[in-house]
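Peer 1: As a plain string of letters, each chain reads:
Number of protein chains: 2
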Amino acid sequence: MIQPQSVGVVEARTARFSAPLALKSGGTLDEYELVYETYGELNADRSNAVLVCHALSGSHHVAGHYADEPSNVGWWDNLIGPGKPLDTRRFFVIGVNNLGGCHGTTGPRSINPATGRHWGADFPFVTVEDWVTAQARLADMLGIERFAAVVGGSLGGMQAVSWSLQYPDRVANVVAIASAPKLSTQNIAFNEVARQAILSDPDFHGGHYYEHGVVPRNGLKLARMIGHITYLSDDSLAEKFGRSLRHGKALYSFDVEFEIESYLRYQGDKFAGFFDANTYLLTTKALDYFDPAFEHGGNLPAALARSRADFLVVSFTTDWRFSPSRSQELVYALLHNRRNVSYAEIDCAAGHDSFLLDDVHYHSVLRSYFDRIRT
Amino acid sequence: MIQPQSVGVVEARTARFSAPLALKSGGTLDEYELVYETYGELNADRSNAVLVCHALSGSHHVAGHYADEPSNVGWWDNLIGPGKPLDTRRFFVIGVNNLGGCHGTTGPRSINPATGRHWGADFPFVTVEDWVTAQARLADMLGIERFAAVVGGSLGGMQAVSWSLQYPDRVANVVAIASAPKLSTQNIAFNEVARQAILSDPDFHGGHYYEHGVVPRNGLKLARMIGHITYLSDDSLAEKFGRSLRHGKALYSFDVEFEIESYLRYQGDKFAGFFDANTYLLTTKALDYFDPAFEHGGNLPAALARSRADFLVVSFTTDWRFSPSRSQELVYALLHNRRNVSYAEIDCAAGHDSFLLDDVHYHSVLRSYFDRIRT
Chain A
1 MIQPQSVGVV EARTARFSAP LALKSGGTLD EYELVYETYG ELNADRSNAV LVCHALSGSH
61 HVAGHYADEP SNVGWWDNLI GPGKPLDTRR FFVIGVNNLG GCHGTTGPRS INPATGRHWG
121 ADFPFVTVED WVTAQARLAD MLGIERFAAV VGGSLGGMQA VSWSLQYPDR VANVVAIASA
181 PKLSTQNIAF NEVARQAILS DPDFHGGHYY EHGVVPRNGL KLARMIGHIT YLSDDSLAEK
241 FGRSLRHGKA LYSFDVEFEI ESYLRYQGDK FAGFFDANTY LLTTKALDYF DPAFEHGGNL
301 PAALARSRAD FLVVSFTTDW RFSPSRSQEL VYALLHNRRN VSYAEIDCAA GHDSFLLDDV
361 HYHSVLRSYF DRIRT
Chain B
1 MIQPQSVGVV EARTARFSAP LALKSGGTLD EYELVYETYG ELNADRSNAV LVCHALSGSH
61 HVAGHYADEP SNVGWWDNLI GPGKPLDTRR FFVIGVNNLG GCHGTTGPRS INPATGRHWG
121 ADFPFVTVED WVTAQARLAD MLGIERFAAV VGGSLGGMQA VSWSLQYPDR VANVVAIASA
181 PKLSTQNIAF NEVARQAILS DPDFHGGHYY EHGVVPRNGL KLARMIGHIT YLSDDSLAEK
241 FGRSLRHGKA LYSFDVEFEI ESYLRYQGDK FAGFFDANTY LLTTKALDYF DPAFEHGGNL
301 PAALARSRAD FLVVSFTTDW RFSPSRSQEL VYALLHNRRN VSYAEIDCAA GHDSFLLDDV
361 HYHSVLRSYF DRIRT
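Protein chains in written order, with full-length UniProt numbering: chain A, 1 to 375; chain B, 1 to 375.
Careful: at least some of the hints might be erroneous.
Put simply, identical chains are the same to the list, so a pair is met inside one copy or across any two.
When the alpha-carbon atoms are kept at most 25 angstroms apart in a straight line, the in silico SDA-like pairs for lysine to any residue are as follows [what the hints assert, rightly or not]:
1) K240 <-> V73
2) K240 <-> N299
3) K24 <-> V341
4) K270 <-> P202
5) K24 <-> Y252
6) K270 <-> S200
7) K24 <-> A12
8) K24 <-> S244
9) K249 <-> H296
10) K240 <-> L335
11) K270 <-> L199
12) K270 <-> R195
13) K249 <-> T133
14) K270 <-> L357
Don't read these hints as lab results, they were simulated from the structure.
Since the structure is predicted, the reported quantities are computational estimates derived from the model, not experimental observations.
Construct the complete structure from the given sequences, taking the supplied hints into account.
Peer 2: Shown next, in the form of structure tokens:
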């Protein structure tokens, strides 16, 4: 076993598609671009490809760093590389930015060829299923008939599950981490407050803020602050910040007093500085809508009957956004269909965001699972 | 046992105080008014008085209804009345609106006598301790030397606990329901997002919106929506609203689709229509600051050593805002001081808001405890 290494310098590429894409919402994208990255080498059999799907605020930049931006490290760099759990000496790994995104893939910030202006609020609603369809077209372009695995955390895990339903013959293994077969009422409720914060920001301008030279920064900041609370566990917040007072005592002011206030404001400001508000809106709606059991009268086992993949499902004890019981729903429905399912519930204090960390047990489970995948 | 009845028609009264009140924040209120209501009769020994403290959005209107507003029923009407758990045939019950409030008691919406204008952002910060001090002055005015009980849920429970520390000889029983000895980091985090929503509303005008003929309605609406999610359990939201779609299918729109969205918007709008944003800000800060152990190096048993009261502590299994473990901290600290403590953890699905409901086990515990109080 070698010492785990980084994949090193990576480059984003752009794939152009001119065949119209019919969307679940009824709209159509006549042409679009997907930005993606790859790590490792596709083998001669084209049998070692692994697709990594991103969550709400992720992107195609999954591992490595850019030559001119050494500190811009991929969001799952701890997982992917030579000697890492998802070992790029064996696997050809692909990261792709989803449609409607704001990291280069065609989205609301792109120019609408029909008008010559930013899409803005006119960008069509996109769903998990649409993303998967677009990813499949990218796979076609790269000559990948069947993925060794499709992997994702949170919303990324939903895409991985949807792969096994939309293209059952094109995915051998699904790895769904800190995910759920659908959002709970509470999940939707938090998304709704985040959306209302953005939609009601005077700088939103009905989603056409690009034309006004502004962004709904404040609404996006509030949305991210709300989200951030739900990504972390009560205990991890207490561990990190407790009730620490910046000035050692109460100053009776609305400026930062408790350190947690400073942290949330900083995270909100940082996010609002680069992320697109329309992408945030569309992505939270994609999360809300995802529910493969809906067309089967709420019967999840019936919905999963199409799947042919083997599954690894992972949850985290302190994740209250997508709690272990949500992963277990998925596991039970798969077992009902006599699928091969491995399930691990990892005792990790960090809440939903645990899926991004390199907890030793968690990474051991992933390493062991990937090691067993035949290519 | 009689059939439980309403206390019937009630009237709010106003108590005027002209002795300056020194506040924990360092400020002073030279004069102020407290609005209050009473139910039942004070006995000859003046030994049967029970003070009910309200939570974030509550008021002095605890039971009964107004002659000209029969549908305006007090927020704890199910608990208080002839034959109800807190029986007004035995007890003289007082509800009081706290300083900084917006239901008639002196607060940011009142006129500052020094300027002749609304206090607005110039209203001083008020704390749980200040509220208790003001309540004690009201007790003086009403000729009540010692309360048979001080009762409260949530933030109201914090006031009840503080009573036993500030005036150990003036309260025989403390009933603290769905409460906590201090906010957790996560609690403060949710409060902070709510405050930022209000403070960043363009209609906030630095807290002097009254002068501009507007209110920061949108910020207050968002704040209430966030709060509302935390008052209910995940399960009770699922039970009430599930993933019900208003139109039976996805319309791919930012208008209401899921029923939970409609509910949250309605609750937010309703609240923003009557509650004062400055009161909301001040009250969330009072919540954040409350921490009787702070001056004892975080040692809660040391902080509670002054208390002489008997205690009833009640928590609810599904309350994730102030979970049972927070109530248990209080219980352990009281036991450490060899206080008489009764503790009940009620299996109720409704989350934090359970304290407002008439769950049969919960109300049986309260009835039994109040019945045992000697007057």
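Peer 1: Within a copy, between copies, both or neither: which one fits K24 and V341 at a CA-CA cutoff of 25 angstroms?
Peer 2: Neither way: K24 and V341 sit 29 angstroms apart in one copy and 59 angstroms across, limit 25 angstroms.
Peer 1: Between the shortest in-copy and the shortest cross-copy C-alpha distance, which are at most 25 angstroms for K24 and A12: within, between, both, or neither?
Peer 2: neither (28 angstroms within a copy, 57 angstroms between copies)
Peer 1: First find the shortest C-alpha distance between K270 and L199 inside one copy, then the shortest across copies, and answer within, between, both or neither for a cut-off of 25 angstroms.
Peer 2: both (19 angstroms within a copy, 19 angstroms between copies)
Peer 1: How do K270 and S200 come out at 25 angstroms by Cα distance, when the copy is not named: within, between, both, or neither?
Peer 2: Close inside one copy (20 angstroms) and across copies (17 angstroms); limit 25 angstroms.
Peer 1: My question is about K270 and L357: at a cut-off of 25 angstroms on alpha-carbon distance, are they close within one copy, between copies, both, or neither?
Peer 2: Answer is within; shortest intra-copy Cα gap is 20 angstroms, inter-copy 42 angstroms.
Peer 1: Up to 25 angstroms between alpha-carbons, please classify K24 paired with S244: within, between, both or neither.
Peer 2: between (48 angstroms within a copy, 19 angstroms between copies)
Peer 1: At most 25 angstroms between CA atoms: does that hold for K24 and Y252 within a copy, between copies, both, or neither?
Peer 2: between (51 angstroms within a copy, 9 angstroms between copies)
Peer 1: Is the C-alpha distance from K249 to T133 at most 25 angstroms within one copy, between copies, in both cases, or in neither?
Peer 2: between (55 angstroms within a copy, 21 angstroms between copies)
Peer 1: Classify it for me, K270 with P202: is the Cα-Cα distance of at most 25 angstroms met within a copy, between copies, both or neither?
Peer 2: both (20 angstroms within a copy, 21 angstroms between copies)
Peer 1: Given identical chains, is K270 near R195, meaning Cα to Cα at most 25 angstroms, within a copy, between copies, both, or neither?
Peer 2: Answer is both: 18 angstroms inside a copy and 19 angstroms across each meet the 25 angstroms cutoff.
Peer 1: With identical chains, the pair K249 and H296 could be close in the same copy or across copies; at 25 angstroms between alpha carbons, which is it: within, between, both, or neither?
Peer 2: between (57 angstroms within a copy, 13 angstroms between copies)
Peer 1: Measure nothing new, just compare the shortest in-copy and cross-copy C-alpha distances for K240 and V73 to 25 angstroms and report within, between, both or neither.
Peer 2: within (23 angstroms within a copy, 43 angstroms between copies)
In terms of the numbered hints stated before, the structure departs from hints 3, 7, 10, listed from lowest to highest.
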